[in-house]
Amino acid sequence: MGDFRTLPAPGTVAGAADTVAGIVEGVFEELHQVRDAVVRIMGPAPVSGDLAALRPLLLPRLGGLISGIGFIAEPGLLADAPWFLEWWQEGPSGEPVHLVRDMDPASSAFYDYTHWEWFAGPRSGDGHTVAGPYVDILCTDEYSLTLAVPVSGERGFAGVAAADVFVRRFEVAVLPVLRALPGPAFLVNRQGRVVASATARQLTGSIFRGAPGTVSHPCRELPLSLVAAQLPHAP
Amino acid sequence: MTEISGGARLAAFAPVDNTARVDAVVRRLTDAIVLGLLADGEQLPSEAELAAQLGVSTVTLREALMALRQQGMVETRRGRGGGSFVRVPQEAPALLDRLRDLTVEELRDLGDHYAAIAGATARLAAQRALPEDIAPLRRTLEEMAATRDEAHLRRLHGRFHIEVAAVSQSARLTREEIRLQADIGPLLWLAHTGEHGPSAQHRAIVGAIQHGDGDRARELAERHVLDAVEHLIELRLREP
Chain C
1 MGDFRTLPAP GTVAGAADTV AGIVEGVFEE LHQVRDAVVR IMGPAPVSGD LAALRPLLLP
61 RLGGLISGIG FIAEPGLLAD APWFLEWWQE GPSGEPVHLV RDMDPASSAF YDYTHWEWFA
121 GPRSGDGHTV AGPYVDILCT DEYSLTLAVP VSGERGFAGV AAADVFVRRF EVAVLPVLRA
181 LPGPAFLVNR QGRVVASATA RQLTGSIFRG APGTVSHPCR ELPLSLVAAQ LPHAP
Chain Y
1 MTEISGGARL AAFAPVDNTA RVDAVVRRLT DAIVLGLLAD GEQLPSEAEL AAQLGVSTVT
61 LREALMALRQ QGMVETRRGR GGGSFVRVPQ EAPALLDRLR DLTVEELRDL GDHYAAIAGA
121 TARLAAQRAL PEDIAPLRRT LEEMAATRDE AHLRRLHGRF HIEVAAVSQS ARLTREEIRL
181 QADIGPLLWL AHTGEHGPSA QHRAIVGAIQ HGDGDRAREL AERHVLDAVE HLIELRLREP
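For the protein sequence lines, the chains are C and Y, in the order given. The first sequence begins at 1 in the working numbering and counts up by one. The second sequence begins at 1 in the working numbering and counts up by one.
Heads up, some of the hints might be wrong.
[Claimed, not checked] Label-pair ranges, simulated between beta-carbon atoms:
{"no.": "1", "chain 1": "C", "residue 1": "36", "chain 2": "Y", "residue 2": "112", "range": "47 to 57 Å"}
{"no.": "2", "chain 1": "Y", "residue 1": "112", "chain 2": "C", "residue 2": "56", "range": "50 to 60 Å"}
{"no.": "3", "chain 1": "Y", "residue 1": "238", "chain 2": "C", "residue 2": "52", "range": "50 to 60 Å"}
{"no.": "4", "chain 1": "C", "residue 1": "156", "chain 2": "Y", "residue 2": "134", "range": "25 to 35 Å"}
By construction, these hints were calculated from the structure, which means they are not laboratory data. We put the beta carbon where it would ideally sit given N, CA and C, even for glycine.
Based on the provided sequences and hints, a complete structural model is requested.
Below is the structure:
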């Protein structure tokens, strides 16, 4: 009975926020498996080649919400490559493609990934980072969310396990939930940027700075909130 | 009538800022080097002679030569057989060939296209930027100011414009900016040859985005492109 009472009622803002949280947490569960695998693989002096052992785990996870997945090393972690991504993404016809990026500071203006929110968030101790929506100029040039969790080894922070979710796919997954609510509704990230929207008045990518007549409900522990019109009869 | 203070009068009659003349000399010599009017390794006339030819004071000329030395376009050797010698940037000859292949009309059209993209992305960036979106732009400007390596500065210049585009939250416009950078970025760089660090225009664009002033951001970004293209067209017209 106690459990029953804590479940948000379906059709309410709280219920919709809970459903969205479940969808996003599904991706985080995949990332926890990647994180655990990285920890298992890493020896005392890891090199980039060791991470190839992740591939049987990474490749089947592409598809559905996830368009890219992998591990991004803390600079200096690997003996043979100061900057390194073991990153796989869907190719034009859905086949897995290994991302090869120029990580040489001498020839690339884009090598330093430590400032990106998906790396800086987990590195600063954030357990569940949802970065974006943003235009991913490092990997895909697509409008994306990147979900990321920290990976810690014996010597502390080792890097991040991360997954890309294209914003258009995320919208397909959550829009039915938003549209089931009786009024306009949209999702915002921690900074207030709209992630997905079921109203033309507050579009994805815009900044929501609060509005009278709306209620905001967190999606469980995630850095996402559902904003919806306050119904006249609601308390 | 209000009496004008002595200090203000003095300021009014102070010599016109020398910086503009130094910049003009730097640009003139840079253009001559880029266009191949001055060959790699060629010795420049003596300071007094060159100052007289250009119609500037030797002080102005020395400042200009110092700037050119910093950019690696002039090398000064002391002692017997010494003097100032021309150093042509590695990329310049190939870029100049590309410039010669384009007509003035094509250059104008490229400028129109690029100004439209740069202006639109800057306006949207100003409307949609969060404070954390400004940090990468500032970081790139700082890196531009810190570097003494021309190739690195050119990469950072491209990165800056792509980062501005990304702040717009539009993947399509950002991809268009990336395409244009790959296509005409190096050519546009020809117009920026001799610059060191970020320009006042770069800083002003970031300022307008940070203040959420979309109209100003757009105007500044368009002006930035059109100024560069105008300079390219001037270079083109000096060619046969």
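Comparing the hints with the structure gives:
At roughly 54 Å, the beta carbons of residue 36(C) and residue 112(Y) sit within the given window of 47 to 57 Å. At roughly 51 Å, the beta-carbon separation of residue 112(Y) and residue 56(C) lies within the given 50 to 60 Å, and the hint holds. The hinted window of 50 to 60 Å between residue 238(Y) and residue 52(C) holds, with their beta carbons roughly 55 Å apart. Against the hinted window of 25 to 35 Å, the Cβ-Cβ separation of residue 156(C) and residue 134(Y) comes to about 30 Å, which satisfies the hint.
Checked against the numbered hints given earlier, this structure breaks none of them.
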